[in-house]
Amino acid sequence: MGGPRTSIGFPHKRVLLQTEILLNVSSNSVAQKIYVELNNTVPCVRLLNATHQIGCQSSISGDTGVIHVLESEADLEWPLSKGPNPPYMVLLESSLFTKSIMMKMKNASSRVAGVVVVPKTSPPEFSPHTTCPNENTGVYTETYDHNLAHCNTTVWNPRGNGLSYEEFDFPVFSLKEDNETEVIKQCYFDHNRVVNGSGLQYPLCAMQLFSHMYAVTDTATCMRRGSIDFSTSPVMVCNPLGDYNVCAFIRPYNSTAFGHKENESVVVAAARLDSRAFFLQDSTGAEGSVSGFVTLLAAAQALREATQEAPPTRNILFAFFHGEVFDYIGSSRMVYDMKNNKFVIDLDNVHSILEIGQVAVRSGTNLFLHSDPVSRRNNTIHDEVTNLVKNLQSSTAGLNFSFVETGFSQPLPPSSFQRFLRARAIPGIFLADHQTAFNNRYYESFYDDAAHLNLTYPSNLSPEEQLEFVTDTAKSLTEVATAVARALFKQAGGNNSQVNNINADPKTVTQMLYGFLVRSNNSWFQALMAPELKDLPHQANALTYLVQYLLANLTGTATNLTQSQCKKPDELPNESTYMYSYFWVQGMVPPNSTQRESFCVRTAVRLAKAVSPAFDLGDYVSKEYSTWTESQWTFIKARIFLVASRDLEMLTLGVGVAVLFTSLLVTYFVSTKADVLFSAVREPNNGAY
Numbered sequence: 001m002g003g004p005r006t007s008i009g010f011p012h013k014r015v016l017l018q019t020e021i022l023l024n025v026s027s028n029s030v031a032q033k034i035y036v037e038l039n040n041t042v043p044c045v046r047l048l049n050a051t052h053q054i055g056c057q058s059s060i061s062g063d064t065g066v067i068h069v070l071e072s073e074a075d076l077e078w079p080l081s082k083g084p085n086p087p088y089m090v091l092l093e094s095s096l097f098t099k100s101i102m103m104k105m106k107n108a109s110s111r112v113a114g115v116v117v118v119p120k121t122s123p124p125e126f127s128p129h130t131t132c133p134n135e136n137t138g139v140y141t142e143t144y145d146h147n148l149a150h151c152n153t154t155v156w157n158p159r160g161n162g163l164s165y166e167e168f169d170f171p172v173f174s175l176k177e178d179n180e181t182e183v184i185k186q187c188y189f190d191h192n193r194v195v196n197g198s199g200l201q202y203p204l205c206a207m208q209l210f211s212h213m214y215a216v217t218d219t220a221t222c223m224r225r226g227s228i229d230f231s232t233s234p235v236m237v238c239n240p241l242g243d244y245n246v247c248a249f250i251r252p253y254n255s256t257a258f259g260h261k262e263n264e265s266v267v268v269a270a271a272r273l274d275s276r277a278f279f280l281q282d283s284t285g286a287e288g289s290v291s292g293f294v295t296l297l298a299a300a301q302a303l304r305e306a307t308q309e310a311p312p313t314r315n316i317l318f319a320f321f322h323g324e325v326f327d328y329i330g331s332s333r334m335v336y337d338m339k340n341n342k343f344v345i346d347l348d349n350v351h352s353i354l355e356i357g358q359v360a361v362r363s364g365t366n367l368f369l370h371s372d373p374v375s376r377r378n379n380t381i382h383d384e385v386t387n388l389v390k391n392l393q394s395s396t397a398g399l400n401f402s403f404v405e406t407g408f409s410q411p412l413p414p415s416s417f418q419r420f421l422r423a424r425a426i427p428g429i430f431l432a433d434h435q436t437a438f439n440n441r442y443y444e445s446f447y448d449d450a451a452h453l454n455l456t457y458p459s460n461l462s463p464e465e466q467l468e469f470v471t472d473t474a475k476s477l478t479e480v481a482t483a484v485a486r487a488l489f490k491q492a493g494g495n496n497s498q499v500n501n502i503n504a505d506p507k508t509v510t511q512m513l514y515g516f517l518v519r520s521n522n523s524w525f526q527a528l529m530a531p532e533l534k535d536l537p538h539q540a541n542a543l544t545y546l547v548q549y550l551l552a553n554l555t556g557t558a559t560n561l562t563q564s565q566c567k568k569p570d571e572l573p574n575e576s577t578y579m580y581s582y583f584w585v586q587g588m589v590p591p592n593s594t595q596r597e598s599f600c601v602r603t604a605v606r607l608a609k610a611v612s613p614a615f616d617l618g619d620y621v622s623k624e625y626s627t628w629t630e631s632q633w634t635f636i637k638a639r640i641f642l643v644a645s646r647d648l649e650m651l652t653l654g655v656g657v658a659v660l661f662t663s664l665l666v667t668y669f670v671s672t673k674a675d676v677l678f679s680a681v682r683e684p685n686n687g688a689y
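Quick note on numbering: full-length UniProt numbering labels position 354 of the sequence shown as 354, and the sequence is numbered without any gaps.
Quick caveat, the hints were computed from the structure, so don't treat them as lab data.
Where hints are given, some of them may not hold.
Label pairs and their calculated CB-CB ranges [as the list claims (entries may be wrong)]:
no., residue 1, residue 2, range
1, GLY162, ASP472, 29 to 35 Å
2, ARG224, GLN563, 42 to 48 Å
3, ALA425, THR562, 46 to 52 Å
4, ASP178, LEU665, 27 to 33 Å
5, THR562, LYS609, 29 to 35 Å
6, LYS534, ALA425, 28 to 34 Å
7, GLN308, GLN563, 22 to 28 Å
8, GLN186, LYS534, 35 to 41 Å
9, ALA437, SER576, 44 to 50 Å
10, VAL404, ASP190, 55 to 61 Å
The calculated lysine-lysine pairs, modelled on DSBU-like cross-linking and capped at a C-alpha distance of 35 Å, are [as the list claims (entries may be wrong)]:
no., residue 1, residue 2
11, LYS99, LYS568
12, LYS33, LYS120
13, LYS568, LYS534
Each residue gets a CB set at the ideal place from its N, CA and C atoms; glycine is no exception.
Please model the entire structure based on the sequences and the hints provided.
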């Protein structure tokens with residue numbers, strides 16, 4: 001690793017530099033002739049927690065194997081036992097990406113150099129997550145209620161096969177480009193295709209995958225190694241998983257005044273932001289997370305005018321939690337901050353909680369209201385939950401669905417609400433489209449995408465027309481958002497005469513679904529972002545900032561501030577960064593114009609740290625908080641090339657060694673006989689005149 005070299009001030013090095021450049025150009029040219037680089041790949045990476053490591057990695061120099069295209073599970077016999085040229089790089093379509101096949105290759109890893117998955121048509125069901133998500137970090141422990149612990153009553157994700165929590169000592173990549181898939185398959189058919197039980201002759205088509213991970217063993221080990229100062233710049237071998245929660249109150253509080261607020265009561269409306277898949281950043285979480293937070297964003301917009309015209313007696317906090325898949329990182333952080341006076345309110349200010357879960361895959365006309373049976377044994381909590389249920393059920397009047405309460409004997413599904421209940425008993429409801437097990441057939445997998453939600457558009461529409469096209473899914477979620485907004489308004493003590501005026505906007509919902517699930521680089525998202533964030537969809541933390549700016553635009557106020565004033569609003573009367581955030585956004589391009597109409601948005605939206613408290617406390621073996629970390633790596637790369645036979649390689653090596661020794665012998669002979677071979681012929685001393 002290193003930067004470019006220069007020869008400024010050192011003339012005597014110019015020849016060396018020019019030679020080096022020529023050699024680099026030559027070597028690059030040779031490399032391009034030998035290798036075909038695969039640029040659209042997504043790797044499985046290594047994650048660690050307090051007890052172990054999961055995921056995949058290559059050796060430090062990359063892993064190389066002869067390509068074998070798996071056409072059925074029966075074909076495994078060739079790479080795992082019969083094939084004469086191990087190790088093999090197994091290429092398989094997504095229909096064969098099952099735990100059964102992966103575990104067979106894991107158990108024969110000496111013959112498997114790596115696996116490449118080609119996503120094609122979706123299988124009937126596939127969830128690489130566990131059957132009981134976040135089993136050990138929710139509220140249902142042995143001490144809280146042993147009958148409800150470990151999903152004893154309800155198995156929420158029965159399709160879960162746990163593949164994402166296995167460890168593989170070979171690299172596993174996903175291919176994202178159809179053209180690259182065809183290049184690999186053609187190379188395989190030309191050189192590696194098995195005919196009558198025997199492979200073709202050399203050269204064979206091979207693949208090399210690079211995904212070496214620095215971290216090993218567990219979080220405590222990698223954090224300790226990262227803290228050892230071997231130089232002036234210690235190298236971190238792993239990083240805590242985390243990001244930011246996105247928060248907004250309908251009535252903002254001073255952002256520097258932490259702790260309890262006297263005479264303040266707050267209804268928390270929550271949803272989770274994140275999702276995961278087997279491969280790094282390869283999950284859209286259409287049903288798992290997007291359906292929930294899009295519904296809450298639409299509800300927040302629907303409440304904007306009503307809460308300004310007739311403010312309810314209680315405040316409402318919209319909270320979008322990050323890192324919930326990994327043992328509730330975001331919600332546990334907010335609860336920790338509330339308990340330790342590091343948030344603008346504390347737990348005593350929380351009146352009740354309404355959390356939006358998976359709501360887009362309904363099996364009928366009902367959505368289900370889940371509550372905690374243990375806390376409801378307290379009469380006060382039970383009465384408040386009953387009132388919240390009543391507010392929700394009455395809010396569906398005139399809509400095409402109903403809210404149905406589940407039985408009291410059933411625990412809460414995996415939810416952020418559970419982390420609040422671990423701290424204290426709080427009335428609350430978790431809203432979902434499933435009564436018992438998830439309706440989501442692709443929970444935490446790369447198949448949980450736009451197609452899973454039936455987001456389909458007429459083929460003759462342009463991308464801009466698709467952005468505006470209101471799908472059936474958008475209509476359905478708009479109704480859910482309307483009911484949620486009305487219920488929140490009632491729960492916060494709002495005037496009932498305003499309730500029927502609260503309606504979510506289907507156009508906003510369809511634009512959000514299109515942006516998050518189909519095409520993030522669209523004109524609407526661009527208009528709502530700051531100019532410096534125009535390339536945001538390509539960044540790792542894009543989702544957080546997209547939701548932040550969406551919530552700001554949907555609930556904030558467009559001001560007349562100039563761009564310079566927007567950056568320094570404290571210099572103006574009646575403006576305060578203690579109470580509000582100020583965002584300069586690009587705005588739309590008007591018809592017949594090329595210039596955007598940018599403007600400044602005043603909003604109560606804030607970002608709050610979403611990193612597990614375990615890392616602030618230095619407790620890397622914590623049983624209370626998430627300890628998940630992600631390994632660092634140098635680079636991720638994949639390429640294919642033709643490899644010669646071992647016999648030819650040994651022959652080439654032998655010839656090379658023979659030439660070397662022959663050269664040495666010739667050089668030795670010439671040097672020892674130099675006085676004879678190169679002596680000058682002397683002329684006679686006497687000349688004739």
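Hints, verified against the model:
About 34 Å separates the C-beta atoms of GLY162 and ASP472, a value consistent with the hinted range of 29 to 35 Å. At about 47 Å, the CB distance of ARG224 to GLN563 agrees with the hint of 42 to 48 Å. At roughly 50 Å, the beta-carbon separation of ALA425 and THR562 lies within the given 46 to 52 Å, and the hint holds. Under the hint 27 to 33 Å, the C-beta atoms of ASP178 and LEU665, about 56 Å apart, miss the expected range.
At roughly 31 Å, the beta-carbon separation of THR562 and LYS609 lies within the given 29 to 35 Å, and the hint holds. In this structure the supplied range 28 to 34 Å is violated for LYS534 paired with ALA425, their Cβ-Cβ distance being about 46 Å. For GLN308 paired with GLN563, a C-beta distance near 26 Å keeps the hint of 22 to 28 Å intact. Between GLN186 and LYS534 the Cβ separation comes to about 38 Å, which falls inside the hinted range of 35 to 41 Å.
The given range of 44 to 50 Å is respected by ALA437 and SER576, whose C-beta atoms sit roughly 49 Å from each other. At about 59 Å, the CB distance of VAL404 to ASP190 agrees with the hint of 55 to 61 Å. Restraint check: the Cα-Cα separation between LYS99 and LYS568 comes to about 55 Å, which exceeds 35 Å; the hinted pair is violated. For the given pair, LYS33 sits about 30 Å from LYS120 by alpha-carbon distance, which is consistent with the 35 Å threshold.
Only pairs whose Cα atoms come within 35 Å are accepted, and LYS568 paired with LYS534 is accepted, the gap being roughly 22 Å.
When each numbered hint is compared with the structure, violations occur for hints 4, 6, 11.
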